[in-house]
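Chemist: Okay, here's what each chain looks like letter by letter:
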Amino acid sequence: MKIWVKFVAKDLTEGLTNGDYEVAEGATVLDVIRTCENVCGVTLPPDRYKDFQYILNDKAAQGYTPVPDGARLYVLHAVLGG
Amino acid sequence: MNGYAGKMLFVNLTDKTCEVRELTEDLAKNFVGGPSLGAKILYDEMPANTDAFAPESMLGIIGGPTNGTGPLMGGRYTVVSKSPVTGGWNDANSGGNFGPKLRKSGFDAVFFKGISETPVYLFIDNGEVSFRDATHLWGKTTIETENAIYVELGDPKVGIALIGPAGERLSNMAAIMNDTHRAAGRGGAGAVMGSKRLKALVCRGDLKIEVRGKDEVVALNKETMEWEKGPVAEVVKVFSAWGTGSLYEDSTISADAGIKNWGGAPGDLTEKAKEILSSQAMDKMYKKKKFACNACPVGCGAIYEIKDGPWKLEDTGRPEYETSGNFGSMLLNDDPESVNYCNFLCNEYGFDTISFGATVAWAMECYNTGLFTLEEMGGIDLKWGDRDAIVAMSEAICRASTEMGKILGGASRAAARHYNRGFDFLVDASGIEIPQHDSRRSPGLARTYQYDPTPGRHVKGGLGFLAHGNEPPEQKYSFKDTGKRDVDAVIDLEITNCAGFCQLSDFGLPPGIKVRYLNALTDFDYSDEDAVNLGLRLFTMRHAFNLREGMRRRDFKISDRIVGKPPLKAGPLENVTIDHEQLGDNFYSEIGWDLQTALPPREFLEKVGGLDFVIDDLYGA
Numbered sequence: 001m002k003i004w005v006k007f008v009a010k011d012l013t014e015g016l017t018n019g020d021y022e023v024a025e026g027a028t029v030l031d032v033i034r035t036c037e038n039v040c041g042v043t044l045p046p047d048r049y050k051d052f053q054y055i056l057n058d059k060a061a062q063g064y065t066p067v068p069d070g071a072r073l074y075v076l077h078a079v080l081g082g
Numbered sequence: 083m084n085g086y087a088g089k090m091l092f093v094n095l096t097d098k099t100c101e102v103r104e105l106t107e108d109l110a111k112n113f114v115g116g117p118s119l120g121a122k123i124l125y126d127e128m129p130a131n132t133d134a135f136a137p138e139s140m141l142g143i144i145g146g147p148t149n150g151t152g153p154l155m156g157g158r159y160t161v162v163s164k165s166p167v168t169g170g171w172n173d174a175n176s177g178g179n180f181g182p183k184l185r186k187s188g189f190d191a192v193f194f195k196g197i198s199e200t201p202v203y204l205f206i207d208n209g210e211v212s213f214r215d216a217t218h219l220w221g222k223t224t225i226e227t228e229n230a231i232y233v234e235l236g237d238p239k240v241g242i243a244l245i246g247p248a249g250e251r252l253s254n255m256a257a258i259m260n261d262t263h264r265a266a267g268r269g270g271a272g273a274v275m276g277s278k279r280l281k282a283l284v285c286r287g288d289l290k291i292e293v294r295g296k297d298e299v300v301a302l303n304k305e306t307m308e309w310e311k312g313p314v315a316e317v318v319k320v321f322s323a324w325g326t327g328s329l330y331e332d333s334t335i336s337a338d339a340g341i342k343n344w345g346g347a348p349g350d351l352t353e354k355a356k357e358i359l360s361s362q363a364m365d366k367m368y369k370k371k372k373f374a375c376n377a378c379p380v381g382c383g384a385i386y387e388i389k390d391g392p393w394k395l396e397d398t399g400r401p402e403y404e405t406s407g408n409f410g411s412m413l414l415n416d417d418p419e420s421v422n423y424c425n426f427l428c429n430e431y432g433f434d435t436i437s438f439g440a441t442v443a444w445a446m447e448c449y450n451t452g453l454f455t456l457e458e459m460g461g462i463d464l465k466w467g468d469r470d471a472i473v474a475m476s477e478a479i480c481r482a483s484t485e486m487g488k489i490l491g492g493a494s495r496a497a498a499r500h501y502n503r504g505f506d507f508l509v510d511a512s513g514i515e516i517p518q519h520d521s522r523r524s525p526g527l528a529r530t531y532q533y534d535p536t537p538g539r540h541v542k543g544g545l546g547f548l549a550h551g552n553e554p555p556e557q558k559y560s561f562k563d564t565g566k567r568d569v570d571a572v573i574d575l576e577i578t579n580c581a582g583f584c585q586l587s588d589f590g591l592p593p594g595i596k597v598r599y600l601n602a603l604t605d606f607d608y609s610d611e612d613a614v615n616l617g618l619r620l621f622t623m624r625h626a627f628n629l630r631e632g633m634r635r636r637d638f639k640i641s642d643r644i645v646g647k648p649p650l651k652a653g654p655l656e657n658v659t660i661d662h663e664q665l666g667d668n669f670y671s672e673i674g675w676d677l678q679t680a681l682p683p684r685e686f687l688e689k690v691g692g693l694d695f696v697i698d699d700l701y702g703a
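As they're listed, the protein sequences go chains A and B.
Residue numbers for the first sequence, in the numbering used here: 1 to 82.
Residue numbers for the second sequence, in the numbering used here: 83 to 703.
Treat the hints as calculated values from the structure; they're not laboratory data.
Take these hints with a grain of salt, some might be off.
[Stated by the list, open to error] Derived DSSO-like pairs: lysine-lysine, alpha-carbon spacing no greater than 27 Å straight-line:
1. A:LYS10 / A:LYS59
2. B:LYS319 / A:LYS10
3. B:LYS366 / A:LYS10
4. B:LYS371 / A:LYS10
5. B:LYS296 / B:LYS111
Isolated chain A (complex conformation) (with noise of 0.2 Å):
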């Protein structure tokens, strides 16, 4: 299935590029965070994932939020809130 993603917290995630993801049905947030990566050729290191807030078709999500066909994800700076 497709999912639209958009980078906001572009600092903390260099290299990976806003745009249509196809990812299996049931995946996670992070699933779809771990397929930009290595569709991207990017590997964020692992504690960077709980710098991010996640907004997932207009709602906040956690990163094991599972994903719907045609979602649109938005990964967010959560390392401003501390």
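Go by the hints and put chain B onto chain A.
Modeler: Same frame as chain A, but now just chain B:
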């Protein structure tokens, strides 16, 4: 006395007299500087229930011990007065370079009372005070006035705190400006200055303020620099590169920012609208150079130049996040050049961009729901998102060139009262428009907005909007167990503001270092326990001014919309309602004050210390 110039100047503008008084060790130790030193002086010197614009009303311009003495991020000064908006206590602070220049001119604080017969400015030159005619400056913009004073004094490096036409017209949104585009904006202190026909306070001097431990200050600065390169390096990098405007895109997506006068959701904004007003995007188009306040390693400011289009600007301050929110998402405006121009207008005329943009948003909602006719709008078709109409209305307010412009110049609540309509669309706390952080996303802000002695501020103590807003919903919307964290944050921020530190020191300084800086600067040796009582005393002092005015808990109001009554029907904050009174109860329970009245009990005041005069007034000697 180490850490201080040691003198305060009291100016009577009616008879043009001045009195120099010692800043005593007791005053400095108990109230530090800035807002709470100001509250103590106004409590003592200004009669209760004085009208904000009466001759007896006082205006204070006050530094803090970090101004000009070396601590990093310690460059902010404070203005204090009774607020013409809330009828209660008002303090607001500003960065730039004015605070250190004030103190190097010989005074920690200057207090004004009386009303000058004709416009004047006060010039302090290395402790020598003179009144200067400002008749020729009255009506001039802030930049015109600054330039005229530089020429008159033959010195472009003097520090100037001044008002523009907004203050002269006694606008509730009038700021006191410095360094061209820095503003002590909120609460209407600029109007109090205007009521006194005081155009500017000008300072020059090279007084060296002695500190107890110069080497200690240097060592603490090294520690701060290590901190900024270490655990908070990413955050510092973001703010250093893009300033507060770096938050814009995040905030319009997460709904931290106000959208459509707080009645909208991120879905009301296009993708372009969310991105293009961020500093990250605007810097690529307009950035000319960086700007940093005195002694700040972060340097969150920038100067823009707009070379093309209808609103060309040669040198203008990069809009702060608050400004971009209030002229952007609040109005569904996605045009960066109109936002920059409105920011420039506010700086030129001396308006607070938060209340100004929010007032335009209020008028916009009124007009788009049919409460105002096109004729009443002065022919300005103020449709949501219409950049030309937004600029036209902003010009009308700044220049008071239409009837609607004149009325909106008094800010949103005064306009609603004038027209007797649009009350449901007001979003404020005790009459002050809400800044660009939504308390439906960060519930603790509702307590700060409603119950801080200066309501409606995001720069006052409390749970805040960054870490708190990112908490899981089940935690932040439980409205439980917030009291201790809330009070602890208040204690910390009171010390921040009174010392003269910037609020970005929340992340820019290592935890616990502020009191160590104070101990290196002064002779006071605050212990950890002292620091807790100090923070509580500073907060209580500001609150005591309101109590003396007869204000009690019931007098502190917050608009229904910003606490989700009724809740939004779309977006990340859908169906969220904030139990703001429970948050208030949690705070007052933790601090030990009366839940019904917000009166601090005698035992609390005795424990905190230094507030015997408040005990006498509340409970008798």
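Chemist: Starting from the hint list further up, note which numbers the structure goes against and sort them upward.
Modeler: none
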